[in-house]
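> The listed protein sequences derive, respectively, from chains A and B. For the first sequence, my numbering gives the first residue as 8, with consecutive numbering after it. For the second sequence, my numbering gives the first residue as 53, with consecutive numbering after it.
Mixed in with the good hints, there may be bad ones.
Taking CB as the label site, the calculated pair distances span [claimed, not checked]: (1) Gly160/B to Ser79/A: 51 to 57 angstroms; (2) Pro261/A to Ala167/B: 38 to 44 angstroms; (3) Leu67/B to Ile224/A: 50 to 56 angstroms; (4) Ser33/A to Val291/B: 53 to 59 angstroms.
With a cut-off of at most 25 angstroms between alpha-carbon atoms, the simulated BS3-like pairs for lysine-lysine come out as follows [to be verified]: (5) Lys250/B to Lys297/B; (6) Lys297/B to Lys311/A; (7) Lys311/A to Lys211/B; (8) Lys433/A to Lys217/A.
Because the hints were derived from the structure by calculation, they are not lab data. Since we're looking at a predicted model, the values are computed, not measured. Backbone N, C-alpha and C fix where the C-beta goes; we use that ideal spot for every residue, glycine too.
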Amino acid sequence: MSAETAAPVVPAAHAPIVLEKAIVRSPKAPVILGVFALLALLAAFAFPRTGTTRFGLSTSRDSIQLDPIPVSTQPVVAVIAVLLALLAILAAVIVARGRTGKLPLWLTIVFAVLFVVAFLTWAVADGLLPFTGLLVGALGVSTPLIFGALGGVLSERVGVVNVAIEGQLLFGAFSAALVGVATGSAAAALIAAAVAGMLVSFVLAAFSIKYLVDQVIVGVVLNVLVTGLTTFLAGVIDVDKIPASARFATVPIPLLSEIPVVGPLLFRHSLIVYFMYIAVFAVWFGLNKTRWGLRLRAVGEHPKAADTVGINVGRTRFWNVSLAGAIAGIGGAYLALDAIGLFSKEMTNGAGFIALAAVIFGRWDPVRAVLAALLFGFATSLQNSLSAAGVTAVPKEFLLMLPYLITVLAVAGLVGQVRGPAAAGKPYIKS
Amino acid sequence: MKLELQGITKRFGSLVANDHIDLVVEPGEIHCLLGENGAGKSTLMNVLYGLYQADEGSILLDDAVQHFSGPGDAMAAGIGMVHQHFMLIPVFTVAENVMLGHEQTRAGGLLDLAAARAKVREISARFGFDVDPDARIEDLPVGVQQRVEIIKALSRDAKVLVFDEPTAVLTPQETDELMAIMRQLKQSGTAIVFITHKLREVREVADRITVVRLGKVVGEASPTASNSELAAMMVGRSVSLTVEKTPADPGEAALVVRDLSVIDPQNQYVVSHVDFEVRRGEILAIAGVQGNGQTELTEALLGLQPRTEGSVTLDGVEIAGLAPRRILDAGVGFVPEDRGEDGLVGEFTISENLMLDRSNGAPFVRGGAVQKAVLDAFAEEKVREFDIRAQGIGTAVGRLSGGNQQKVVLARELSRELRLFVAAQPTRGVDVGSIEFIHKRIVATRDQGVPIIVVSTELDEVVALADRIAVMYRGGIVGIVPADTPRDVLGLMMAGESPESAGAAVAPAVTTTGAAQ
């Protein structure tokens, strides 16, 4: 630094502090890609399958019927397998020689898409894979996950760890079924589900905010409580026969629903799914652009700072955790009133925990959490579609594992060190 | 606006933190609240700001009694506070932090960020700050963060502004700039309460001084009072403010650090390629603003940092990469900067804390059993030797004052055969009386021929103890200079100037003082 820059005021103090970064070259990512490339090469050359794979694009209800796309199995799998191997090598080179030592995101995404295509082509050799159906199924499975994840994002961003998403979904589902059976009104059932999710949240909020009990423990206990309670009540009260009037019918949106592939995927659903589109946007917009979101995030990051500018930390946390519960409860209503049409014990089957994983995988951002939920939903739908297509090349048990395997891999392997809301899980004690 | 506190009393259980405190602050006045750590200054200000409720007494603004049930009420009444630990949200931008709590919105609850930016720019322009409204707080240096705190208070039209220990995190130059800002605010009619324990700053800027000791007002002092008069009021007896020490008689280099780096979990070099050595019988003081890698450097020397590069040799033996146990056994004594967190177990007794790092064998443990008699005798001796004020050796350390806690740490570390002594912030949160004692012990240890590293963010302490001074900035050592280097040169070095250009920048000033002598 030359003498000229030494003015009487402190010159360097205003420069942003940027510390030199150590470059970490971890072989983890290229090794993982390499293993998958190897699997693809094995499938292509060691266990080749011949025939033609057909990808169905239209559903039976479409007015414009497209013919399935035929694909010659062996050559396509072979070509993609070689491409995957090249990509894995490229990844290794980038990590070893690149400026940052990090893998670009596009490479991971391209690799994943190619691998899925190769896998489907190979697994459904000489068969028909309803591709659009696969995607529609993925959205269906994802819907409760998305509601759960939105509830999780809100709750954690305001500073309360929400392990009770599972309980909120399940209690929402039960209450929707109960009120649906009793009143025959879909609207009443939906409101009941939201209230039920909120009730679970009240307990979580009261214990964690007012009585400073460890939030994770309260959440786990609530899940056990709701599971036990709904299982017992479902055995005593008949919640199996939800009348059609209480179920949400499919409402195709005119014109838009007739677009091939996109129409059935996005615009031929019940009102709950359309409500979900709005909820995703509303949560994203609200969190980032409004006073409500600014205060919510402030409370989750630095409650004392929020307190010193006159924001009531306890109240902000309480009502937003309640809102989060209501959103998750609506996810439960979707399960009972739309997807399945009845309540069965433990019907959420871990969806709440996958939603929680989506929150973390999505780095506490509503849009990314939704994308993560869609990924998990896709894995489940893949398993359903392959079973329905009668695929025997892959053991059924492995397919059943798939969604959970992807969850574990995503959270443990890919997330790495991420920064959540600084004060999540910490009770605010006014000393 | 005139602020008046009448008979404020605040108790925490049996402890009386504030005992009938009266205070009057006129508009356009800087009123300094001087007192030691733990004298009750911050408690009083938290009562004023509505964070605590007073048990007795009342707060008056322009002779009207106020009832604050929370900080929101205090702010609405025109009281602003610049907190010691900034109340800023690190992941928010400057504008978002400034608007938080009184956001302007457009239709649909949409935040009016443009208005907030304009507000930040307007106040910045008024005081000549250079603050980018869209910068994220965590990317800003602490000096600028403090200005954001000031902007935040002013954006709510604060007429009474409280600065709680504002200079603790600043370089000397930034401190001077802050003083200028305070004078400017005073001229515009703001009533200012300035809380500090630093005598130099008080005398420079205060119009009136109120001294607080043990929760009580002990009197008013004039800004013209000398340092030792103020210190005597603050402590309650006369204290020596200078450290008496003879010039160092250094031996050969004992600790040699070569190209040492520490990498944090975000892969950043928090300590970056530092080289230095410490000779037997000398004190190397490491100066710098908090958070420039000093903590990580001392932890790396003790083997507490998981990712380090480079070499550290003690008496020719490589100790980098060894486990802390092995490094302690090699004769390294360590006073951590946060004694409550890393130095002591609060629920343990004084005697138990004195044997914490020697629980693996004789003389305190034989055959797996603690030798109670040996330990008690040892503890009694150390309590006497280090003047630890407590009911007895069975008292839980957590119940001692900061100064006495630090003496326990010091007693433990200095009662071993040492070949290196590392003291990080040895007098932070310690009363003036204990500071005197701790400094004497450190100098005595030096005179026994032990190489010593003292890390301190207090320039006074650095100058008082050091034989040589190393200044750290952003993980690197800017330079190692002699102990008699002028304070303003050190200040510029703390902001990243090299010793040569810092010396050139303040050269005219140096010549004038030279001429005056």
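> If a hint holds in the structure, say so; if it doesn't, say that too.
Status of each hint after checking the structure:
In this structure, Gly160/B and Ser79/A meet the distance hint of 51 to 57 angstroms, their C-beta atoms being roughly 54 angstroms apart. At about 42 angstroms, the CB distance of Pro261/A to Ala167/B agrees with the hint of 38 to 44 angstroms. A beta carbon spacing of about 32 angstroms between Leu67/B and Ile224/A contradicts the range 50 to 56 angstroms that was offered as a hint. Taking 53 to 59 angstroms as the suggested C-beta distance range, the pair Ser33/A and Val291/B conforms, at roughly 55 angstroms.
Note on Lys250/B and Lys297/B: the hinted pairing holds, with a Cα-Cα distance of about 22 angstroms set against a maximum of 25 angstroms. At roughly 44 angstroms between alpha-carbon atoms, Lys297/B and Lys311/A are farther apart than 25 angstroms, so this suggested pair is violated. With a C-alpha separation of about 23 angstroms, the suggested pairing of Lys311/A with Lys211/B holds against the 25 angstroms cut-off. Between Lys433/A and Lys217/A the CA atoms are separated by roughly 12 angstroms; this keeps the pair inside 25 angstroms, and the hint holds.
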